[in-house]
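K.L.:
Here are the chains, one letter per residue:
2 protein chains.
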Amino acid sequence: MTNPTAAMLVIGDEILSGRTRDSNLNHLAKELTLRGIDLCEARVVADDHDAIVGAVRALSAAHDHLFTSGGIGPTHDDITAPAVAAAFGLEAGVRDDARAILAAHYEARGVELNAARLRMARIPEGATLIDNPVSAAPGFSLENVHVMAGVPRIFEAMLAGLLPRIPGGKPVLSQSLRIERGEGDVAEALSTLAAAHPGLAIGSYPFTENGVSGTNIVVRGADGAEVEAALVELSAQFPA
Amino acid sequence: MTNPTAAMLVIGDEILSGRTRDSNLNHLAKELTLRGIDLCEARVVADDHDAIVGAVRALSAAHDHLFTSGGIGPTHDDITAPAVAAAFGLEAGVRDDARAILAAHYEARGVELNAARLRMARIPEGATLIDNPVSAAPGFSLENVHVMAGVPRIFEAMLAGLLPRIPGGKPVLSQSLRIERGEGDVAEALSTLAAAHPGLAIGSYPFTENGVSGTNIVVRGADGAEVEAALVELSAQFPA
Numbered sequence: 001m002t003n004p005t006a007a008m009l010v011i012g013d014e015i016l017s018g019r020t021r022d023s024n025l026n027h028l029a030k031e032l033t034l035r036g037i038d039l040c041e042a043r044v045v046a047d048d049h050d051a052i053v054g055a056v057r058a059l060s061a062a063h064d065h066l067f068t069s070g071g072i073g074p075t076h077d078d079i080t081a082p083a084v085a086a087a088f089g090l091e092a093g094v095r096d097d098a099r100a101i102l103a104a105h106y107e108a109r110g111v112e113l114n115a116a117r118l119r120m121a122r123i124p125e126g127a128t129l130i131d132n133p134v135s136a137a138p139g140f141s142l143e144n145v146h147v148m149a150g151v152p153r154i155f156e157a158m159l160a161g162l163l164p165r166i167p168g169g170k171p172v173l174s175q176s177l178r179i180e181r182g183e184g185d186v187a188e189a190l191s192t193l194a195a196a197h198p199g200l201a202i203g204s205y206p207f208t209e210n211g212v213s214g215t216n217i218v219v220r221g222a223d224g225a226e227v228e229a230a231l232v233e234l235s236a237q238f239p240a
Numbered sequence: 001m002t003n004p005t006a007a008m009l010v011i012g013d014e015i016l017s018g019r020t021r022d023s024n025l026n027h028l029a030k031e032l033t034l035r036g037i038d039l040c041e042a043r044v045v046a047d048d049h050d051a052i053v054g055a056v057r058a059l060s061a062a063h064d065h066l067f068t069s070g071g072i073g074p075t076h077d078d079i080t081a082p083a084v085a086a087a088f089g090l091e092a093g094v095r096d097d098a099r100a101i102l103a104a105h106y107e108a109r110g111v112e113l114n115a116a117r118l119r120m121a122r123i124p125e126g127a128t129l130i131d132n133p134v135s136a137a138p139g140f141s142l143e144n145v146h147v148m149a150g151v152p153r154i155f156e157a158m159l160a161g162l163l164p165r166i167p168g169g170k171p172v173l174s175q176s177l178r179i180e181r182g183e184g185d186v187a188e189a190l191s192t193l194a195a196a197h198p199g200l201a202i203g204s205y206p207f208t209e210n211g212v213s214g215t216n217i218v219v220r221g222a223d224g225a226e227v228e229a230a231l232v233e234l235s236a237q238f239p240a
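If you read the sequences in order, they're chains A and B. So the first sequence is residues 1 to 240, counted in the working numbering. So the second sequence is residues 1 to 240, counted in the working numbering.
Don't read these hints as lab results, they were simulated from the structure. Given the structure is predicted, the values throughout are model-derived calculations rather than measurements. Ideal Cβ positions, reconstructed from N, Cα and C, are used throughout, including at glycine. One thing to keep in mind: the hints can contain errors.
Claimed, not checked - Which chain B residues face chain A? A few, computed with CB under 10 Å, are given here:
#1 L16
#2 R21
#3 H49
#4 L113
#5 N114
#6 V151
#7 I166
#8 G168
#9 G169
#10 K170
#11 G182
#12 A194
#13 G199
#14 G203
#15 S204
Start from the sequences and build out the full structure, keeping to the hints where you can.
P.N.:
Given below as structure tokens:
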């Protein structure tokens with residue numbers, strides 16, 4: 001049985017202009033790796049209806065799950081909810097359950113639930129709400145697309161609530177080995193090792209720190225004994 | 001005249017597993033913004049031949065330029081050069097000019113130019129080399145695709161050499177305004193402002209720091225006077 005596959009779609013002009021550095025991809029990648037869900041692809045698009053619709057259709061069709069971040073706030077450029085709905089031929093009007101969550105949140109704070117804030121209650125029919133314990137305005141899951149906020153602490157809180165609902169796979173185990181040799185010196189051994197272990201993913205990452213250069217080797221796979229065996233073979237060839 | 005458009009393709013299992021946090025996208029985005037080149041889209045794919053070929057074909061056809069990072073080192077999983085070549089129906093064999101660069105670099109250091117290191121001289125015919133002042137192994141430009149290393153300090157050095165060769169557009173100017181009001185309180189004014197200035201991109205980014213919540217407004221456009229005028233209109237509505 002193979003693991004579920006996933007893609008991520010990061011939505012926002014601010015990422016593509018360089019104003020904001022995305023951190024949600026790295027967080028999602030780590031969380032999915034822990035749960036045995038293979039993140040296969042990610043895309044970043046602007047706050048543009050057609051770009052979002054196109055990416056949602058392509059990525060949701062190609063993978064078991066699509067996670068999105070960004071574009072679900074109260075302002076004119078927050079167009080993710082209607083665009084995701086449109087990708088499935090639906091609309092995203094203000095939904096009563098989402099409105100009730102926002103009404104309770106703002107009433108408790110003496111803040112008006114104005115027309116702009118009501119935009120955050122636009123949820124497609126049939127979608128399941130994703131809880132937002134930080135600022136109330138919910139995300140949603142529509143078909144296999146999970147729509148979350150772009151602000152990292154909200155994205156992370158939404159994801160923490162969502163992930164237990166999503167079946168995982170066999171977690172990928174990872175071990176690493178630090179070798180104080182250049183990548184070019186270990187490459188042939190890695191190539192032989194990779195050929196002998198087609199079930200493992202073997203990556204190499206050169207480093208230089210405190211004047212010492214070398215290569216960090218990362219061996220990943222679902223079979224812990226095989227990961228361990230590969231590391232032992234490799235470290236025998238490059239004793240510290 | 002509209003600005004040139006660009007896309008980025010980040011290549012590497014380590015980004016999708018969460019082991020490594022990409023920083024090249026943010027660097028590229030800032031550099032392109034300064035030069036009036038519009039970064040419209042970015043994708044992240046694994047070290048997988050078909051995934052790279054598919055993304056290179058789609059993105060290079062849709063944009064004036066495609067910048068890639070990652071997968072040009074000496075190890076078995078460094079497959080970017082042949083994959084980019086294959087996207088254009090070409091091959092990437094060891095090329096004499098690239099081999100000479102590597103030979104000089106390693107000879108000066110008393111290091112063997114072995115078969116693994118020679119992989120870094122695989123350059124498609126017709127491609128223009130991109131200088132690597134950090135570790136010698138060159139990148140290359142093939143058609144409108146610019147292939148660079150994934151290690152950030154090498155990516156940044158390659159990009160610094162490459163960008164002067166690429167015609168820019170009208171730089172996008174940006175001004176920002178800090179408003180100590182929630183996004184929901186400024187959203188209507190922003191919507192009106194955006195409708196009155198279709199040539200501007202207006203973004204809003206909520207913040208909370210030292211117990212103060214508010215919204216940073218970023219107004220971007222090629223016409224500096226219009227950017228300034230929009231900021232003045234907005235600040236009049238939300239005096240500090």
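K.L.:
Against this structure, judge whether each hint is valid.
P.N.:
Now the hints, each set against the structure:
{"no.": "1", "hint": "L16", "in the structure": "5 Å, holds"}
{"no.": "2", "hint": "R21", "in the structure": "4 Å, holds"}
{"no.": "3", "hint": "H49", "in the structure": "14 Å, violated"}
{"no.": "4", "hint": "L113", "in the structure": "8 Å, holds"}
{"no.": "5", "hint": "N114", "in the structure": "6 Å, holds"}
{"no.": "6", "hint": "V151", "in the structure": "7 Å, holds"}
{"no.": "7", "hint": "I166", "in the structure": "17 Å, violated"}
{"no.": "8", "hint": "G168", "in the structure": "15 Å, violated"}
{"no.": "9", "hint": "G169", "in the structure": "14 Å, violated"}
{"no.": "10", "hint": "K170", "in the structure": "15 Å, violated"}
{"no.": "11", "hint": "G182", "in the structure": "7 Å, holds"}
{"no.": "12", "hint": "A194", "in the structure": "5 Å, holds"}
{"no.": "13", "hint": "G199", "in the structure": "14 Å, violated"}
{"no.": "14", "hint": "G203", "in the structure": "6 Å, holds"}
{"no.": "15", "hint": "S204", "in the structure": "5 Å, holds"}
In terms of the numbered hints stated before, the structure departs from hints 3, 7, 8, 9, 10, 13, listed from lowest to highest.
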